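Trainee: Chains as they are written, first to last, in the numbering used here: chain A, 1 to 93; chain B, 94 to 194; chain C, 195 to 405.
Rather than coming from a laboratory, the hints here were simulated on the basis of the structure.
Heads up, some of the hints might be wrong.
[Unchecked claim] With beta-carbon atoms standing in for the labels, derived distance ranges:
| hint | chain 1 | residue 1 | chain 2 | residue 2 | range |
| --- | --- | --- | --- | --- | --- |
| 1 | C | ALA249 | B | GLY100 | 34 to 40 Å |
| 2 | A | ARG26 | B | GLU186 | 47 to 53 Å |
| 3 | A | ALA64 | B | SER176 | 53 to 59 Å |
Because the structure is a prediction, the values reported are computed rather than measured.
All C-beta atoms in this analysis are idealised placements derived from N, C-alpha and C, irrespective of residue type, glycine included.
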Amino acid sequence: MYEPGQTVRIRALQPPGHVRTPHYLRGKTGVIERVLGPYENPEQRAYMLPAPEKPLYRVRFSMAEIWGDGAEHPEDTLDAEIYEHWIEAAHAA
Amino acid sequence: MGGDAAGPVPTDQHDFALWEKRVDALMILGAARGHFTVDGLRRALEDMGEQAFEDMSYYERWIASINQNLIEAGVYSLEELGSKMEEVRTRGETYGAAQDV
Amino acid sequence: MPHDHHDHLSPSGHPYRSDNDAPLSYWQVMEIAVRELMIEKGEVTAAEVAAQIDAMDARNPSHGARVVARAWDEPEFRAALLADATNATREMGFDIGPMNLVAVENTQDVHNVIVCTLCSCYPRNLLGLPPDWYKTREYRSRTVKEPRKVLAEFGVELPDNVTCRVHDSTADMRYIVLPARPKGTDGWTQEALAELVTRDSMIGTGLAKQP
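The following block holds chain A by itself, in its conformation from the complex (with noise of 0.2 Å):
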């Protein structure tokens, strides 16, 4: 479990199907903004499959984390719900 404060990566995985997490945000480093409670998994329930909970968190990220040096405004930010199984810990950039 994470907890809000956080400092998390994206990873950076690319399987084919049908996948919750952004693409634009795979391998970037946020920061947990909110528990948002278990939610069964997506990537089952998308082909009917039984689908068991996975923790699901709002992750906030600087646009400049996002898009680097073609941020419109760096210090502007993104939330995005994220699955656990999308996220590992980082250390603060």
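Put chains B and C on the given structure of chain A with help from the hints.
Mentor: Chains B and C only, in chain A's frame:
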């Protein structure tokens, strides 16, 4: 598609047609019956590929996805679908005329 | 007219639908076939489909506007909404069903905007069906990367000292923006305040109207 380059956001707005609202209703009712999930609908939408976004309207993609999921769930067979679509086409040349009485 | 026996009146009461008289498309044929097969298989009834459409037509941004106006007027409700929007709005009679709702507040330092890059997630129970632009490739692609340019196209110019927070709504949560209360509205009733709350102000592509 997050982050891809694209032009100005189009602001045209249309009133939803009856057939579009029916697609929306079938999505909600079919999910409520447990035949598919929002994730299954998205999976089928994504499997249509990028070109479907150019060639098909929003509710065209959704009815295609709903149908794909209902076929996979075994609610009806491809043969039943094909026969029904063939029969619907014989009813008339407009959406209004093709409704069953 | 051959098509009026199954026609569905819109809230405007307009009985004639030009789309019913356009040449039948492949996808319309599929919709009719899927719906009739669902009915024949006992999965749904025609009445359920019609009732679902009625419910859809009955939901519109005035619901969300009532929530916003109440949050502006009642500090305790505002706190409850920001802490747990699912339950706060359910107690007002706006059930979001199996979804959960998160309310994000605009202040003088922060402006929030909502997008769904995966498809078209939208707080339908409070705002009705999403506008066409919300579902376009352009809005979904650009809002996560250049929200200020997108907002400018909607007429919202964010000062440099305001942080823009983009929320990518991807399925389990629905988001609604609690816009900033316009100045000069002290003592207004909730009914009057609700008139200032636009649909776009609750998505974040607009601001509440000035009195």
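Trainee: Are the hints correct? Go through all of them and say.
Mentor: The hints, checked one at a time:
1. C/ALA249 to B/GLY100: 34 to 40 Å: holds (35 Å)
2. A/ARG26 to B/GLU186: 47 to 53 Å: holds (49 Å)
3. A/ALA64 to B/SER176: 53 to 59 Å: holds (57 Å)
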